[in-house]
Amino acid sequence: MIKEIQNKKLSIIAFSGDFDKLTAAFTLATGAAATGYEVNLFFTFWGLNAIKRKSGRAPAGKGFLPGIFGILMGGLKAAPVSRLNFAGISPKIFRRLMRKNNVATLEELVDAAKELGINFYACEMAMHVLGLEKSDFIPQVKEVLGVASFLKLSEDGQTLFI
Amino acid sequence: MIKEIQNKKLSIIAFSGDFDKLTAAFTLATGAAATGYEVNLFFTFWGLNAIKRKSGRAPAGKGFLPGIFGILMGGLKAAPVSRLNFAGISPKIFRRLMRKNNVATLEELVDAAKELGINFYACEMAMHVLGLEKSDFIPQVKEVLGVASFLKLSEDGQTLFI
Amino acid sequence: MIKEIQNKKLSIIAFSGDFDKLTAAFTLATGAAATGYEVNLFFTFWGLNAIKRKSGRAPAGKGFLPGIFGILMGGLKAAPVSRLNFAGISPKIFRRLMRKNNVATLEELVDAAKELGINFYACEMAMHVLGLEKSDFIPQVKEVLGVASFLKLSEDGQTLFI
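Chains as they are written, first to last, in my numbering: chain U, 68 to 229; chain G, 68 to 229; chain Z, 68 to 229.
Worth double-checking, as some hints may not be accurate.
Any copy will do: because identical chains look the same in the list, a pair fits if it lies in one copy or spans two.
Simulated crosslink set (BS3-like; lysine-lysine; CA at most 30 Å straight-line) [said to hold, decoys possible]:
(1) K201 x K167
(2) K167 x K219
(3) K121 x K181
(4) K209 x K167
Quick caveat, the hints were computed from the structure, so don't treat them as lab data.
The structure displayed is predicted, hence computed values, not measured ones.
So that you can see chain U by itself, here it is in the shape it has in the complex:
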């Protein structure tokens, strides 16, 4: 069987909830989408914090333990930097540097991703573990997917784990 050239495709498993890694994921995603790539973002584990409806620290999910984790982890606005976080001062400094140097901030990148038609998927298994439901996420989340479905739709493209 002969393989035809597919449309260019970039798929990212967004596992990390760190400010810097999420920024990298969304920078890659929007940069790719802006130049014609099909882009799939599959949020799992800590990465699910980036697509929570509540972007601050708030309980999420069913049950006591998921609630505690929801507060501890927080949403997009509470994302820490993976190194030298200094109790949350570093993300603020990075945001300031980004604005000062005319680089899109994380929130702006997320908005751009939505506008560019990037596909947002949430990981079914991680949602089960953390007691989260589709209604906990922003409406742009297209579908809740298992691993096999995600691998299938990311075939024949570049796939990154961030």
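Since the structure of chain U is already known, use the hints to place chains G and Z on it.
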């Protein structure tokens, strides 16, 4: 030369020894294998802890320093969570949430990986650094490989670094 | 359209500035290059520390905040281990183990990468955020690239995010 469609293939460089990242690696691996993928797991650095014969904290490898590292790092049962570990309480909570929500635990995922015929490889270079030998690992480890051999067998598939 | 077999290609997004992850990135890169792969290293965020001209702790980039970050992060010689760093003792121990066991150290791997003709690229966006300029980097850095250009040149190969 014309390229034919290969069997679907997923290769993972399992670098991390963190509980959550190992869970992600094994979830992806087993999900892929269950739907017909050829799956290759290449354990290196901290990831080698996941395939140690002794799953608790025990010295491993030859020499004094490797022994100390063996105790500090421990095996699969001692794997910490990459964020909010709280001195090892978090992995216990996650294990409980997984059982409660009928999600496979890390140990169950490792067992499933073995049953699904996933290929386990150990990184030659990292074993040299840490003073580990093939006999320190579980018998499912098929081969000790260098980087070049691993890249060769992961060609034309999806490759992730976790 | 028919796809022809490309030269083998490995592209790595070197995001991390951790000693162990940089070692993994350069081990993969040199192992691939030594067996005929085209290898592209795209340094971004913390990974930029690996290609700074000044390998110790020194201010880099324009402005007060970038200067502070430059000192805090340091260059290649100041890279911490991602786990069990023990205030910088661990990288020293790893370097010793590597020498003792005849495994190339990180500095030797970087030198080998240059000699093997591996392509070094720096991420334009991260340089803007951190106030870094091309002149802050070692002369082997071939080009400053945006995301889209990097994705284009890494197409049809294996791409890893480390």
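Hint check:
no., hint, in the structure
1, K201 x K167, "between (36 Å within a copy, 20 Å between copies)"
2, K167 x K219, "between (41 Å within a copy, 29 Å between copies)"
3, K121 x K181, "within (17 Å within a copy, 40 Å between copies)"
4, K209 x K167, "between (33 Å within a copy, 27 Å between copies)"
In this structure, every one of the numbered hints holds.
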